Each structure stands twice: as C-alpha cells, then as structure tokens.
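Colleague: Listed here are the chains, written in short residue letters.
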Amino acid sequence: MSNLEQFRQEVSAWLEQNCPESMRMPMSSFEDIFPGGRNPEMSNPDQKVWCDRMAERGWTVPHWPKEYGGGGLQKAEINILREEMSRIGARPALTSFGISMLGPALLEFGNEEQKREHLPRIVRGDVRWCQGYSEPNAGSDLASLATAAEDKGDHYLINGQKIWTSYADKCDWIFCLVRTDNSGSKHEGISFMLFDMDQPGVTARPIKLISGSSPFCETFFDNAVADKRNLVGEAGKGWTIAKYLLTHEREMISGFGSAPKIAVADMALESIGADASGRLANSVLRQNIAQYQLDTMVFGATMARVGDEAKAAGGLGPASSIFKYYGTELNKRRNELNLAVLGESALGWEGEAYSEGRVSRDWLRSKGNSIEGGTSEVQLNIIAKRVLGLPDA
Amino acid sequence: MALVLNEEQVMLRDAAAGFLAEKATISHLRDLRDSGDEHGFDPEVWREMTEMGWAGIAIPEAFGGLGYGYTGLGLVLEQAGRNLSASPLQSSVLVAATVIGELGSASQKEALLPAIAAGETLVSLALQEAPHHAPLQCAMSASKEGDHFILSGTKLLVMDAPAADAFIVLARTAGAPGDDDGLSAFLLQAETEGLSVAPGKMVDSRAYGTLTLTDVKVAEDQLLGDIGQASKGLGHALDIINIGLASELLGLSAEAFERTAEYLKERKQFGRVIGSFQGLAHRAAELFAELELARSIVLQALQKIDEGDPDLALYASAAKAKLCEVAQRATNEAIQMHGGIGMTDEYEIGFFIKRARVVQHLFGDYNYHLDRFACQSGF
Chain A
1 MSNLEQFRQE
11 VSAWLEQNCP
21 ESMRMPMSSF
31 EDIFPGGRNP
41 EMSNPDQKVW
51 CDRMAERGWT
61 VPHWPKEYGG
71 GGLQKAEINI
81 LREEMSRIGA
91 RPALTSFGIS
101 MLGPALLEFG
111 NEEQKREHLP
121 RIVRGDVRWC
131 QGYSEPNAGS
141 DLASLATAAE
151 DKGDHYLING
161 QKIWTSYADK
171 CDWIFCLVRT
181 DNSGSKHEGI
191 SFMLFDMDQP
201 GVTARPIKLI
211 SGSSPFCETF
221 FDNAVADKRN
231 LVGEAGKGWT
241 IAKYLLTHER
251 EMISGFGSAP
261 KIAVADMALE
271 SIGADASGRL
281 ANSVLRQNIA
291 QYQLDTMVFG
301 ATMARVGDEA
311 KAAGGLGPAS
321 SIFKYYGTEL
331 NKRRNELNLA
341 VLGESALGWE
351 GEAYSEGRVS
361 RDWLRSKGNS
371 IEGGTSEVQL
381 NIIAKRVLGL
391 PDA
Chain B
1 MALVLNEEQV
11 MLRDAAAGFL
21 AEKATISHLR
31 DLRDSGDEHG
41 FDPEVWREMT
51 EMGWAGIAIP
61 EAFGGLGYGY
71 TGLGLVLEQA
81 GRNLSASPLQ
91 SSVLVAATVI
101 GELGSASQKE
111 ALLPAIAAGE
121 TLVSLALQEA
131 PHHAPLQCAM
141 SASKEGDHFI
151 LSGTKLLVMD
161 APAADAFIVL
171 ARTAGAPGDD
181 DGLSAFLLQA
191 ETEGLSVAPG
201 KMVDSRAYGT
211 LTLTDVKVAE
221 DQLLGDIGQA
231 SKGLGHALDI
241 INIGLASELL
251 GLSAEAFERT
261 AEYLKERKQF
271 GRVIGSFQGL
281 AHRAAELFAE
291 LELARSIVLQ
301 ALQKIDEGDP
311 DLALYASAAK
321 AKLCEVAQRA
331 TNEAIQMHGG
341 IGMTDEYEIG
351 FFIKRARVVQ
361 HLFGDYNYHL
371 DRFACQSGF
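For the record, the sequence lines run as chains A and B.
Just so we're aligned: 11 in this note's numbering is position 11 of the first sequence, and the numbers increase by one with no gaps anywhere.
Just so we're aligned: 67 in this note's numbering is position 67 of the second sequence, and the numbers increase by one with no gaps anywhere.
Hints may be right or wrong, so weigh each one.
Claimed, not checked - DSS-like cross-link-like pairs, simulated, lysine-lysine; straight-line CA separation at most 30 Å:
1. A:Lys385 with A:Lys311
2. B:Lys265 with A:Lys186
3. A:Lys170 with A:Lys228
4. B:Lys354 with B:Lys265
5. A:Lys243 with B:Lys265
6. A:Lys208 with A:Lys367
7. A:Lys48 with A:Lys152
8. A:Lys66 with A:Lys228
9. B:Lys23 with B:Lys354
10. A:Lys385 with B:Lys268
11. B:Lys265 with A:Lys385
12. A:Lys208 with A:Lys66
These are computed hints drawn from the structure, not numbers from a lab.
Note that this is a predicted model, so its numbers are computed, not measured.
Based on the sequences and whatever the hints tell you, model everything.
Modeller: Structure (structure tokens):
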C-alpha cells in the first residue's frame with residue numbers, strides 16, 4: 001500500500017471517529033459557519049468540539065507548517081483530507097480572516113516571534129481577526145489613510161477612524177494600516193500593525209446597509225495601544241503588505257462571478273414559459289440571459305486558462321487583472337436578472353412567502369461587490385496603467 | 001486538456017507570425033486591392049504557405065495532411081487575422097476541406113484532401129442563398145433524372161470563387177426549405193456546363209462570387225456522402241468552421257486593439273497624451289478584459305474540436321457569438337480612438353473593421369449564434 005493510500009485510510013478512520021454527526025449535516029444558515037474567537041457565536045456547541053479536534057492535528061489549516069500549528073501536509077495529502085471530508089459531508093471546522101488573510105501575510109512578512117505567537121492561535125480558532133483598511137476619507141485612495149500611530153518607546157498610541165471593518169464588533173484582534181510618518185509621499189509612512197480590540201481605546205459600531213443588516217462596522221481608536229513587537233515588517237513599509245493582501249482579497253471576491261448553481265435560464269423557463277420552438281417566451285429577456293450565460297461561460301474558461309497558465313509558467317499572467325472587475329460586474333448582472341425573471345416575488349423584503357427577502361437583499365448586497373476591495377473604476381485604472389502601460393492623468 | 005499551448009503549437013504560431021508579418025501584410029492586401037487583382041490573393045505567397053504544410057495542418061496524415069488538428073490551424077488563422085493575410089486558407093482549407101472530411105467517402109477524401117493540402121486544388125463551399133446564413137433554408141433544387149441530377153439556382157458569397165477549381169454545392173434532393181432531411185452536397189468542377197461565376201469584391205477587398213446554376217447536369221458519383229443526409233455532417237463542419245473564423249477574429253481584434261493602445265500613448269492633445277484621459281483609458285481597459293475572455297473561449301473551443309466533444313455546437317456558437325461581439329467593439333473603438341486619421345484610407349486601421357464585418361457575417365453573425373447558443377443551452 002502506498003503512503004498516500006495509508007494516509008487516506010487513517011484520515012477516513014479518524015474523521016469517522018471524530019467528526020460529530022451534527023457537523024456532517026449541510027449548513028443551512030450563515031451561523032453554521034464557525035469563525036472562532038474568544039466568545040464564538042454558535043448555532044450548535046458541536047461546532048467548537050469539531051474545531052478543537054481538527055485544530056489538535058493542525059487540520060483547520062492543513063497547508064501551514066507544523067511549527068506554527070498547521071497540519072504540515074503536502075498538496076496530495078490536503079486533497080485526500082478534502083476528499084475524505086467531503087465524502088462524509090463534513091463541514092469546514094473553521095473559517096476565518098486569520099486563515100485567509102492575516103496568516104498568508106505573516107508567513108510572508110512576519111518575524112519568527114510574530115509567527116509563533118499568532119499563527120497557532122489562528123489555527124486553534126482562539127482569536128478572531130478583522131481587517132482595518134478603509135477610512136472615511138481613504139476609500140479608493142487607500143494610501144491617503146490618516147489613522148495615526150505615535151511612537152511611545154515600547155508601544156504605539158493609535159488615534160483615528162476606520163470604516164467597513166467586517167465584524168469589528170465581534171472580533172478580538174485587528175490587523176490595521178496606520179500612519180507612522182507624514183513626511184514622505186503618501187505610500188511611505190504606512191505601517192502594518194496588530195493589536196487587541198478588547199481595550200478602552202477601541203469602539204466598534206455596526207453599519208446598516210441598503211440590504212438590511214451587514215457585517216460592516218465603523219471603528220474608532222482613541223489612544224488605543226499597540227505593542228511594538230506587533231509591528232509587522234518595517235515601520236513605514238506597510239504599503240507593500242497592504243497591496244499583497246489586497247491582491248489576495250480581490251481574488252476571493254472575483255469568485256462571485258463563477259457560474260451559479262441554478263441557471264437563470266431555468267428559473268426564467270419556469271416563471272415565464274417557452275414558445276412552440278422551445279425558446280423562452282420573452283425574446284428581450286432571452287437575449288439578456290443568453291448574453292449573461294455566454295459571458296459567464298467565457299469568464300469560467302478564462303479563470304481555467306489563467307490557472308493552467310500559472311501551473312505551466314509559474315505565475316499569474318496579465319489576464320488575472322480582470323478577475324475582480326469582471327467577476328463582480330457579472331454577479332451584479334446575475335442579481336438584476338434574478339429580479340427581471342422572478343418579478344413580484346423578488347421584490348419581497350419580509351415575510352415567509354418571500355424567504356425574508358433573500359433575493360432582494362442579495363441583489364442589494366451585490367451592488368457592494370464592485371465597490372469593496374477596490375472599485376471597478378480603480379480596477380480599470382490598474383489595468384490601464386500596469387497592463388496596457390497608459391500614462392497617469 | 002489544459003488551456004495552454006504545447007511546444008509544437010507555440011512553434012507553429014511563431015512561425016506563422018513571422019512569415020505572415022513579412023509576406024502577407026495589410027500593405028500586400030492594399031497592393032492587391034489597388035492593382036485590381038482578380039483573385040484577391042498572391043498565388044506565390046499561397047504556394048509558400050502550402051509548402052510549409054499549413055494547408056494540411058488539420059487534414060489527417062492518411063489524406064496527405066500533417067494531422068496537427070484544428071488547434072494548430074486555429075493558431076495560423078489567428079495570425080492571418082492579425083496581418084489580414086489574404087489567402088485561400090479560409091475558403092479551401094478551413095471550409096471546404098472540413099466539409100469534405102465530414103461528408104466525403106474514403107475515396108472522395110483520397111481524391112480531394114491531398115490535393116487541397118498540397119495547394120494544387122482550390123475548392124470552395126457554395127451554401128448561402130439569401131442575405132443571412134440559414135443552412136436549413138437551402139432551396140436550390142437537385143432533381144433526379146435517370147442516373148443524374150439537375151441543379152438550378154443561385155449561391156451567394158462563395159469565397160475565392162474566381163480562383164476556385166471546384167465547388168461544393170448544397171442543394172435539396174427532397175423536402176422543403178427548413179427541413180433537416182433532403183439536403184445533399186455535390187462536388188462540381190468550376191468549368192461545368194451551366195455553371196457561371198459572377199465575380200465580386202466584398203468590403204474586405206477579398207474575392208467572392210455569385211454562382212448561378214442553370215440546369216446543371218450532375219452525375220451520381222459527384223454526390224458527397226449519402227443523398228439527402230448532408231445536414232448532420234454539414235452542421236458539424238459549420239461548427240468547426242465558425243470556431244476557425246473566431247480564431248481569425250481573435251487575431252484581428254487583438255491587433256486592432258494593440259495598435260489602438262499604442263496610438264493612445266503617442267497622440268497628444270491639450271498638452272497630454274490622450275491615453276491619460278480616463279474616458280479613453282477605461283474603455284481600453286474594458287476592451288482588454290473582453291479580449292482576454294475572447295482568447296479563452298477560442299482556445300477552449302479549438303481544443304473541443306480536437307477532443308471530439310459531443311457538445312461542440314454549444315462551444316462553436318459561444319465562440320463565434322463572443323468573437324463577433326468583441327471584434328465589433330474592438331474595430332469600432334479602433335476607429336473612434338484614432339479619430340480623424342482612423343477614417344483615412346491611407347492609414348491601416350480601417351482595414352480591420354472591413355475584414356471583421358465580413359468574417360462576422362460568414363456562416364452566422366452574432367444574432368444567429370447568440371440565438372443558437374441559447375437554443376443549445378435549452379432556452
């Protein structure tokens with residue numbers, strides 16, 4: 001028996017024994033996703049049990065090195081773990097910003113002490129992280145951020161305001177862009193800092209969006225304290241880390257453009273019907289849907305091509321620059337088509353008949369896709385400048 | 001199959017790019033146009049292309065070709081699109097050889113394909129009868145009389161007709177326009193009695209012809225494939241042909257776009273390079289995105305041909321519809337962003353929009369293929 005075959009048997013046996021029955025049920029709501037943290041919100045106490053057991057083996061983040069609490073698994077082993085989990089319908093044990101955003105940044109830019117302090121706590125789900133980037137006057141022009149960090153010897157004093165901080169009211173720590181120096185260009189003097197949210201100088205207030213509630217907050221710092229050992233990279237060189245993470249974030253958001261599970265054409269056939277030739281009865285709507293489905297197919301082929309090129313050449317080609325822009329615009333088109341196809345029922349906001357406004361709230365929320373993580377206009381600026389080499393205004 | 005080119009394909013593409021950029025450029029096309037050349041292409045350049053094996057890229061080795069598949073032919077067509085290279089690569093190789101490969105018997109393929117691959121014979125397809133592509137609407141009659149057929153009717157937009165040695169003519173041996181059954185394909189020599197070619201140039205400066213058949217007597221052995229059963233093989237051939245044309249549109253659109261992006265970096269107005277104006281920069285960036293999407297669907301569709309994918313019709317209509325859309329936008333923007341100079345005949349950018357519209361139209365335009373894409377998708 002090969003080593004991998006043996007590994008598969010071990011994984012399968014371990015999962016069988018350790019994955020609680022309730023964690024093998026499909027997730028039915030947002031609360032079923034376990035984000036970890038000091039006071040985790042749970043729809044079921046088994047979520048914590050499942051996370052603890054997986055974290056014990058480092059399998060909540062199987063690709064991180066063992067020395068930082070990860071699973072230390074190779075690609076083939078990670079695939080086996082995924083396959084075996086999916087075979088029994090096991091839910092992801094832990095889903096967090098720490099895993100997807102801060103961890104990769106620390107592995108790339110953090111010092112040894114920072115990796116040893118923070119990464120294992122992310123793996124165990126002990127600490128829930130939020131991201132402090134945007135400010136009221138630094139949105140698309142992120143580098144003009146003004147939240148100040150004043151050097152006080154062994155620590156920094158932080159004053160200012162962040163906005164669109166996801167889950168700031170529920171998170172334990174923040175990775176935050178602050179200004180440590182005002183003397184140079186706006187890209188210089190930015191620092192990447194980590195600090196505890198549970199302190200008197202930090203206040204977080206949820207923001208209600210047009211779609212109803214939201215995870216976003218306004219976050220205020222009034223003499224908040226950040227220990228100096230939690231400055232990641234050099235003081236004043238945080239923009240490099242910020243850009244690295246923004247690329248990362250944009251890749252995640254562009255996934256919104258992948259083909260949805262239920263084809264909008266099937267929904268339309270059900271609600272509008274077909275003519276004698278089998279064509280959707282409304283020819284104007286039919287053309288809109290056809291163009292959308294064509295573009296979704298072509299976008300899917302492009303993601304596949306860029307992935308294959310990356311494997312063959314070892315790096316993302318220029319086509320990857322279109323993902324955030326095109327994927328989010330596609331998702332907005334899909335949501336508009338949902339309204340056009342479903343008609344009255346899509347406009348419901350409350351009430352069981354309208355699934356508490358699921359369609360309308362998703363539609364409104366999708367408008368933010370082409371704003372958050374860099375607006376479509378900023379993405380087009382980036383393509384024009386970096387890919388096409390067009391000069392600045 | 002991974003959506004990347006293999007080493008052999010990269011070499012083929014680079015060889016085609018190098019040769020066509022030297023021997024079959026827009027400047028050559030302009031000379032052919034201005035000299036009133038009847039055939040619209042240079043036979044010497046075509047001979048060199050066939051010597052390099054390009055006419056046989058997609059033809060199986062058993063029939064005198066290279067057997068590289070359609071992905072290879074697509075790469076050469078893309079380069080032909082970039083340079084607007086005039087040759088029978090579309091009419092005789094992409095179109096006629098593919099139809100013969102789909103419909104012909106082994107002995108017919110034996111007789112025709114090696115000659116096409118060697119560039120010794122130029123064959124062209126005579127299909128269209130009305131302003132728009134609608135293959136099943138074919139109405140030309142082929143009535144059986146004794147041991148032969150009598151064909152009468154008119155065919156439009158027959159590519160390279162003035163230079164063609166033979167034509168594949170689609171006609172009805174049974175049924176009515178719109179019927180699947182009853183379509184038959186015949187091979188007719190150009191000098192057949194009762195067949196006349198009225199030559200014409202289209203807006204792309206290439207030669208086409210209107211074929212008029214008046215009681216043309218055709219022997220049974222000139223039938224390609226089974227009587228009345230051409231529509232399935234023809235449909236599959238048309239899928240391949242449209243993917244090949246999408247490749248040409250990709251090269252044409254990419255070249256028009258790249259020339260335009262360069263112009264945006266050179267041209268100054270109001271004391272600034274015009275590419276620094278966001279009103280132009282964003283449109284250029286959007287076009288870049290569309291071209292990247294176009295490149296993906298063309299490569300995917302080409303690979304689907306070579307893989308023998310049963311859903312080829314879906315990929316073919318997706319590729320042709322998308323490339324019609326992108327080519328239209330790229331060539332329109334090319335003229336607009338060049339401004340006044342883009343309207344002059346002296347400047348080359350205007351050649352792209354002219355070729356684009358003809359290739360878009362050939363064998364079904366955006367409207368035809370988006371409708372077909374929806375039908376193939378079940379709505």
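Colleague: Next, verify each hint and record whether it holds.
Modeller: Here is what the structure says about each hint:
1. A:Lys385 with A:Lys311: 26 Å, holds
2. B:Lys265 with A:Lys186: 27 Å, holds
3. A:Lys170 with A:Lys228: Since the Cα atoms of Lys170 of chain A and Lys228 of chain A sit roughly 24 Å apart, the hinted pair holds (cutoff 30 Å).
4. B:Lys354 with B:Lys265: Within the cut-off at roughly 25 Å; holds.
5. A:Lys243 with B:Lys265: 27 Å, holds
6. A:Lys208 with A:Lys367: 14 Å, holds
7. A:Lys48 with A:Lys152: Roughly 39 Å between the alpha carbons, so the hint for Lys48 of chain A and Lys152 of chain A is violated.
8. A:Lys66 with A:Lys228: Measuring from Cα to Cα gives roughly 26 Å; hence the hint holds.
9. B:Lys23 with B:Lys354: The hint holds at about 21 Å.
10. A:Lys385 with B:Lys268: 17 Å, holds
11. B:Lys265 with A:Lys385: 11 Å, holds
12. A:Lys208 with A:Lys66: Violated, at about 41 Å.
Consistency note: the structure conflicts with the earlier hints numbered 7 and 12.
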